[in-house]
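Order-wise, the sequence lines are chains A and B.
At position 113 of the first sequence the residue is numbered 117 (this note's numbering), and the sequence of numbers has no breaks.
At position 356 of the second sequence the residue is numbered 360 (this note's numbering), and the sequence of numbers has no breaks.
Derived from the structure by calculation, the hints contain no laboratory data.
It is possible that part of the hints are untrue.
In silico EDC-like links for lysine to aspartate or glutamate, alpha-carbon gap of 16 Å or less [said to hold, decoys possible]: (1) B:Lys62 - A:Glu340; (2) A:Lys62 - B:Glu68; (3) A:Lys62 - B:Asp506; (4) A:Lys42 - B:Asp232.
Everything numeric in this text was worked out from a predicted model, so none of it was measured.
Protein chains: 2
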Amino acid sequence: MTTSTKSAYASLKERFHLLSNLTGAGSILYLDSMTAMKPGSEADRSEQSMALVSAGQKLLAHPEVKDWLDEAESHADGLPRDDRTNLRLMRREWVSATALPEALIRERARLEIEGNNLHTRHRDSGDWAAMKPSYEAAFAVAREVGGIMKDALGVATPYEALLDQFNPGLRLATVEREFARLEEALPGMIAEAMERQKSAGPTRPLPRIDLDALEKIGNDLVRDLGFDSSRGVLYVGEMHPMSGGTPGDSRMTTRYHADDPLDGLFTVAHETGHSMYEQNTPAAFRYQPAGHSMGMDIHESQSMILELQACRTPEFLESLSRRFSGRGDDAAFTPENLARRLFRVEPSFIRIHSDELTYPGHILLRFNLERDLVAGRLSVSDLPEAWNEGMKKTLGIVPPDPAKGHMQDVHWPSMGIGYFPAYTLGAMGAAQLFAAAVKARPEIREELGQGQFTSLRQWLAENVHGKGSLLTQDELFTAATGEKLDAAHYMSHLSRRYLGRDYRATSSSGG
Amino acid sequence: MTTSTKSAYASLKERFHLLSNLTGAGSILYLDSMTAMKPGSEADRSEQSMALVSAGQKLLAHPEVKDWLDEAESHADGLPRDDRTNLRLMRREWVSATALPEALIRERARLEIEGNNLHTRHRDSGDWAAMKPSYEAAFAVAREVGGIMKDALGVATPYEALLDQFNPGLRLATVEREFARLEEALPGMIAEAMERQKSAGPTRPLPRIDLDALEKIGNDLVRDLGFDSSRGVLYVGEMHPMSGGTPGDSRMTTRYHADDPLDGLFTVAHETGHSMYEQNTPAAFRYQPAGHSMGMDIHESQSMILELQACRTPEFLESLSRRFSGRGDDAAFTPENLARRLFRVEPSFIRIHSDELTYPGHILLRFNLERDLVAGRLSVSDLPEAWNEGMKKTLGIVPPDPAKGHMQDVHWPSMGIGYFPAYTLGAMGAAQLFAAAVKARPEIREELGQGQFTSLRQWLAENVHGKGSLLTQDELFTAATGEKLDAAHYMSHLSRRYLGRDYRATSSSGG
Chain A
5 MTTSTKSAYA
15 SLKERFHLLS
25 NLTGAGSILY
35 LDSMTAMKPG
45 SEADRSEQSM
55 ALVSAGQKLL
65 AHPEVKDWLD
75 EAESHADGLP
85 RDDRTNLRLM
95 RREWVSATAL
105 PEALIRERAR
115 LEIEGNNLHT
125 RHRDSGDWAA
135 MKPSYEAAFA
145 VAREVGGIMK
155 DALGVATPYE
165 ALLDQFNPGL
175 RLATVEREFA
185 RLEEALPGMI
195 AEAMERQKSA
205 GPTRPLPRID
215 LDALEKIGND
225 LVRDLGFDSS
235 RGVLYVGEMH
245 PMSGGTPGDS
255 RMTTRYHADD
265 PLDGLFTVAH
275 ETGHSMYEQN
285 TPAAFRYQPA
295 GHSMGMDIHE
305 SQSMILELQA
315 CRTPEFLESL
325 SRRFSGRGDD
335 AAFTPENLAR
345 RLFRVEPSFI
355 RIHSDELTYP
365 GHILLRFNLE
375 RDLVAGRLSV
385 SDLPEAWNEG
395 MKKTLGIVPP
405 DPAKGHMQDV
415 HWPSMGIGYF
425 PAYTLGAMGA
435 AQLFAAAVKA
445 RPEIREELGQ
455 GQFTSLRQWL
465 AENVHGKGSL
475 LTQDELFTAA
485 TGEKLDAAHY
495 MSHLSRRYLG
505 RDYRATSSSG
515 G
Chain B
5 MTTSTKSAYA
15 SLKERFHLLS
25 NLTGAGSILY
35 LDSMTAMKPG
45 SEADRSEQSM
55 ALVSAGQKLL
65 AHPEVKDWLD
75 EAESHADGLP
85 RDDRTNLRLM
95 RREWVSATAL
105 PEALIRERAR
115 LEIEGNNLHT
125 RHRDSGDWAA
135 MKPSYEAAFA
145 VAREVGGIMK
155 DALGVATPYE
165 ALLDQFNPGL
175 RLATVEREFA
185 RLEEALPGMI
195 AEAMERQKSA
205 GPTRPLPRID
215 LDALEKIGND
225 LVRDLGFDSS
235 RGVLYVGEMH
245 PMSGGTPGDS
255 RMTTRYHADD
265 PLDGLFTVAH
275 ETGHSMYEQN
285 TPAAFRYQPA
295 GHSMGMDIHE
305 SQSMILELQA
315 CRTPEFLESL
325 SRRFSGRGDD
335 AAFTPENLAR
345 RLFRVEPSFI
355 RIHSDELTYP
365 GHILLRFNLE
375 RDLVAGRLSV
385 SDLPEAWNEG
395 MKKTLGIVPP
405 DPAKGHMQDV
415 HWPSMGIGYF
425 PAYTLGAMGA
435 AQLFAAAVKA
445 RPEIREELGQ
455 GQFTSLRQWL
465 AENVHGKGSL
475 LTQDELFTAA
485 TGEKLDAAHY
495 MSHLSRRYLG
505 RDYRATSSSG
515 G
């Protein structure tokens, strides 16, 4: 019995090792397509990506895999705890891969590519009539996929199944509960912050910084953050910043602007957070489901804990100020002036140009709309109006056209339905984890003042990165912070940074 | 019946389409590893490469593929001619993939990586004791692989099976016959050429050329040769020059040296020849076995027809001279001085530094030795002595150490046993094809004088590139040149260029 258990699980490990490497190959090829590849090779690359997905699908759906799973599960008690987790995740991947009919998988893949291309073509003109069919098809397919996956995964609704595919184990109830608290507080916080900043001194404009100098500052920051550049590449170019690759071969991109020097640096911090998470996943489970990083909400928390938390602390702004010393107009690079620039609140039509405080307004709206669109409570025809109403309610602004409205993002037409919540869940997780890290390792703040991240990096490696997928989300937060995800930490953080006072105090005195 | 034929063949086309794209993905990843990847990611990349090979192997060896092959072959008469060829090549790939036991495939893959690494480590020191076990293992595995593949492919000897894997359909008898003619003539030609060049005028050294200027000249040449850079990338760096990728996404690399400007340009011409072959393979069979380029001998002919034939004609040297005009010391860049540099004959210990006339001496020796090593007529222990003896006999020089001797090349320890003949077969093919092209399209020479390759490129696209693998080697040469591969064209070419007279005339008057 023991022998056959071991054998079935060993066969599974070998197969999932192979599958993990096919996915890794696909990720490197994707980053290549964004950095080295010529546009004329797009069709070829798309064939390769589909071949990798198709090969992985065939090798996972092969009947022998189900036999191995059944056999290994019938003797799972004989396995060490972490291997039992690995086995459970294998079953989950198998369920996800086999639940959907092949025609539906192909249709989803086709819409993803088509939606991406259509978005690129029509985004700037905001031609809604041209894009609408693509949104309708995407939500129809998402609804069908969600419906099937709901039963396969045993979750409550089709939308919860879509959430789950990006954030394994995340419950819709969690998102609804924590988002509701934020939704209630946010408009008041934004109004108060904007009122408050009227009395702040004027912001001194930053001088232009030579791109080579900026790249040098960026490279130093990446090194200080702890990125292992012996097994990873930072491309500098004009493409939209991203990170990908594998734990053993991280690839990230950034872009620097001479007249907006902070943007490129905080982008680099963000992408480094993603990459370091991957680099520090547990070596003992490398290329296994339990060794992979967790869902996108945790992933976003690891980029934001560097970009929004550590690198915007008053302590780190001291270090950042010194990094610009002698690069022209030192008065513009004082920590105080940097803070005024970084923490300026101003609702924007465009999500990716939004400041930290108004950004979640975009996400709350996306969440409400996509949940209702999948549930059929809202139709795509009514989307433009619903968007404008929601923006007015949440941020007090109404976009002049769909390009600056609901059509600005690629996610929906390209089948990323269910992704948006991860951004704000990540911001919440980052606030909660950073508070816990600083409490556990008080030296973190002093190190940040010296521009160093050693203790924070160690804490993250130990409590988040090194856990891979060996814990559930609730287990991870509880082990690291003493409690499950709780939006209160995020709101306390926003309140302290933007209102200059504690959040709980606000709540009790407000309303 | 027609329906089921069609269905089995359609299923095969779908499967081989997928396999072709997995191979293509592997090739892009390989080029990435040579250009973008950091050394610390080598192990990760090696896992990915093995996963791609393993996935392809599993999807090709799947029992359904054999069923489809049997079914499609039983009704092959209903297929158009080119599809019958495609079906025949599918069977060939299937036989190659299924004949070898999995353990042997893994061992070969392992030795390939290990041999590569050991070669890198010990090449410069020439530590034969450290490398010898790797050579022994490689030849033992090659012998075993060849023994099995001999029966599977129905060829005469294990070595012929190894030749066949790099050059599908190439017969050992052809190589032996054409190489014997060259082997007989070569020492005399080298001696005569060296005697003759004593009376040539002195060669004027070339001035250093700024690397940016050199890269500009190289890019212009690549464009003029006809490389489609809308779907291909030329990297410039320090790596060993190579080409790869896919027909839809060619990747090639070159390196330029300020003090040896010609080297980088002829390298670019060589790699462009490889890449343009791929770019122009038949679109109707893209991602199918019949649409792939042929063996490495034909591939090398396509690089050499540009590097050694077209770009070294007296006509093109006129154009090349003009490309350097104004870059310093015009007297050094006269066509006559360029010719004296390019056509200087001087036996070298190192194959890749050899001139055109002595280069085949290295290949003839490699061919004789590897054939005897596989057959067991020569042992690895006797290799160093056999190498030195062979060099003395062929080129009249004896290397001072193994690093400058048999250990200089990576091919043998990395399982490239059977590859070497392709270089000289390629040179022979290039001479024969170029002669036929110029005969069919006399305007080629005039165009070369103007630095243009239009007619040559069209002739090659029509007669070689566009044929993919739809013809056998004999059919390809016969259709393009009126006869099978014949070394006489190569020897005529060498004789005219290095001895200043016709080859046949030599034969009859010599001896």
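- Message: Would the hint linking B:Lys62 and A:Glu340 be met if the CA-CA limit is 16 Å?
- Response: violated, 61 Å
- Query: Taking only the CA atoms, is the gap from A:Lys42 to B:Asp232 under or equal to 16 Å?
  - Reply: Given that 16 Å is the threshold and the Cα spacing comes to 11 Å, the pair holds.
- Query: Would the pair A:Lys62 and B:Asp506 pass a check requiring their Cα atoms to be no farther apart than 16 Å?
  - Reply: Violated, at about 60 Å.
- Starting from A:Lys62, check that the Cα of B:Glu68 is at most 16 Å away, please. Distance ~13 Å between A:Lys62 and B:Glu68 Cα, so the pair holds.
Checked against the numbered hints above, the structure violates hints 1, 3; every other hint is satisfied.
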